[in-house]
Amino acid sequence: MNPAHGSTEALAARVLRMGVVLATALVLLGMTLTFLRHPEYRSSTVVLGELLASATERDPLVLLGWLPQGRGQAFVLLGLIVLVLTPFARVVVSGVHFARSGSLRLALCAGGVAAVILLSFVLGRVSE
Amino acid sequence: MTPLLFTLVVFLSSCFAGLLGSLLGLGGGVVVIPVLTLGLGVDIRLAIAASAIAVVATSSSGAWRPLRSGLANLRLATFLELGAAAGALSGALLGGVVASRWLYVLFGAVLALSGVLLLLRSKAPAAPAPPASRESLDLSGTSLDEQGRAFEYPVLRPWQGLGLIYLAGGFGGLLGVGAGVLKVPAMDVAMRVPWRSSTATSTLMIGVTAAASAAVFIARGQVAPIVAAPVAVGVVLGAQAGSRLAGRLPAWFTKSLFLVVVAWMAVQMVRRGLS
Chain D
3 MNPAHGSTEA
13 LAARVLRMGV
23 VLATALVLLG
33 MTLTFLRHPE
43 YRSSTVVLGE
53 LLASATERDP
63 LVLLGWLPQG
73 RGQAFVLLGL
83 IVLVLTPFAR
93 VVVSGVHFAR
103 SGSLRLALCA
113 GGVAAVILLS
123 FVLGRVSE
Chain H
1221 MTPLLFTLVV
1231 FLSSCFAGLL
1241 GSLLGLGGGV
1251 VVIPVLTLGL
1261 GVDIRLAIAA
1271 SAIAVVATSS
1281 SGAWRPLRSG
1291 LANLRLATFL
1301 ELGAAAGALS
1311 GALLGGVVAS
1321 RWLYVLFGAV
1331 LALSGVLLLL
1341 RSKAPAAPAP
1351 PASRESLDLS
1361 GTSLDEQGRA
1371 FEYPVLRPWQ
1381 GLGLIYLAGG
1391 FGGLLGVGAG
1401 VLKVPAMDVA
1411 MRVPWRSSTA
1421 TSTLMIGVTA
1431 AASAAVFIAR
1441 GQVAPIVAAP
1451 VAVGVVLGAQ
1461 AGSRLAGRLP
1471 AWFTKSLFLV
1481 VVAWMAVQMV
1491 RRGLS
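Respectively, the protein sequence lines represent chains D and H. Start counting the first sequence at 3; every next residue gets the next number (the numbering used here). Start counting the second sequence at 1221; every next residue gets the next number (the numbering used here).
Bear in mind the hints are in silico, worked out from the structure with no lab data behind them. A couple of the hints might just be wrong.
[What the hints assert, rightly or not] Far from chain D by the CB rule (all over 10 Å, computed), these chain H residues:
(1) Leu-1232
(2) Ala-1312
(3) Leu-1314
(4) Val-1325
(5) Leu-1395
(6) Gly-1427
(7) Ala-1434
(8) Ala-1449
(9) Thr-1474
(10) Ala-1483
[As the list claims (entries may be wrong)] So, partial list: chain D residues that the calculated Cβ filter (under 8 Å) puts toward chain H:
(11) Arg-60
(12) Leu-69
(13) Arg-73
(14) Ser-122
These numbers were taken from a predicted model, which means no experiment stands behind them. Cβ atoms here follow ideal geometry from the backbone N, Cα and C, with glycine treated the same way.
Input sequences plus hints: build the corresponding full structure.
In structure tokens, the structure reads:
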């Protein structure tokens, strides 16, 4: 690998790895808490339908509000949010590093990608 | 079925999805969605949201190792992601305006064509390395040959490649399908990026566009923790295994596997469009 390129790659890899590790830890914690809190999940064949039903609460703000109560679903959702933000963080961090190392064209590309993703999210949220 | 058994089944199938995805530079949706909908009767909207999570997990978990080793080309990925993200946004905005039926058929035809081009390029004798030229963008990278030795490669026709990636992203945004299956051939055939680096770079790229979709699904309350949690963990573990294997398996094997997946998806797309 071209030594001039190596440090940005290493930094981006570290961001991805940290994001994945943190996200996985939160999701596993959430799943563990859920099954500990609900022993019937191990034996009941009825409750799965309720969990998959459209009426089940899934509003992210509501679920995240359950974090202080230690509810498993809240930690699962937090972990998924960390996971989803990880590629975005990688783009931002590598863009900043490209700029600092003088690769301005690539820094602009990274900035453009981040802007398009944000715009996609806003338009997707607005269009619901 | 109990929630525990459901979680185990989803986890194991997601491990396979992550393994396949990171080996071939694809998202895990091609496995996750059929398993969830056809196998387990999960609502298609929950399955699509879980699939987006799977793609992000495949990308982030499967790409950090090849990124660190240099096999995944971060500079090329950053350049092409602009086209992919813009294409996906364009496709999503056009959705509902363009009749999807013929788009499925067209996508299937494009998939079949890309598979044929990939096959022809595999059988063609290796072309001499192009003369060194001044590149306005230094997108060159490092790959591994069959003996595991590192070698540098230039990236040819970057702007044509950007256009192809934009179209691939557009299909993905229009049809809600993963575009990795088009991105890999675009890099390998059009830009002459070595196969191993094409799949590794595609694995890196797909997470960015999937993350935008996944964020919208979360915001809309379309992500069911009981579904998405085992998908995320399973794909992470499977993609880790895939990224370790990718550098060790011969290129002909993963390319053959890729062609099988492309052929299957091409048939499914054409059938969906014509049915």
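Beyond 10 Å from chain D, beta-carbon-wise, is Ala-1312 of chain H?
-> 7 Å, violated
Is Val-1325 of chain H truly not at the interface, in the sense that its beta carbon sits beyond 10 Å from all beta carbons of chain D?
-> 26 Å, holds
Quick one: work out the minimum CB distance from Ala-1449 of chain H to chain D and report holds if it exceeds 10 Å, violated otherwise.
-> 5 Å, violated
Cβ separation check - Leu-1232 of chain H to all of chain D, threshold 10 Å | Check passes; 15 Å lies beyond 10 Å.
Is it the case that Leu-1395 of chain H keeps its Cβ farther than 10 Å from each residue Cβ in chain D?
-> 16 Å, holds
Arg-73 of chain D as chain H interface residue, shortest Cβ-Cβ below 8 Å | Because about 10 Å separates Arg-73 of chain D from the closest Cβ in chain H, which is outside the 8 Å limit, the hint is violated.
Does the CB of Ser-122 of chain D sit less than 8 Å away from some CB of chain H?
-> 4 Å, holds
Ala-1434 of chain H remote from chain D - nearest C-beta pair above 10 Å | Answer for Ala-1434 of chain H: violated, closest chain D Cβ roughly 5 Å.
Does the no-contact call for Ala-1483 of chain H survive, Cβ to all of chain D over 10 Å?
-> 29 Å, holds
Chain D versus Leu-1314 of chain H - minimum CB to CB distance exceeding 10 Å, so not interface | At roughly 12 Å from the nearest Cβ of chain D, Leu-1314 of chain H sits farther out than 10 Å, so the non-interface label holds.
Since Thr-1474 of chain H was said not to touch the interface, does its Cβ keep a gap of more than 10 Å from each Cβ of chain D?
-> Non-interface label stands for Thr-1474 of chain H: nearest chain D Cβ at 21 Å, farther than 10 Å.
Answer holds if the nearest beta-carbon of chain H is closer than 8 Å to that of Leu-69 of chain D; otherwise answer violated.
-> 13 Å, violated
Checked against the numbered hints above, the structure violates hints 2, 6, 7, 8, 12 and 13; every other hint is satisfied.
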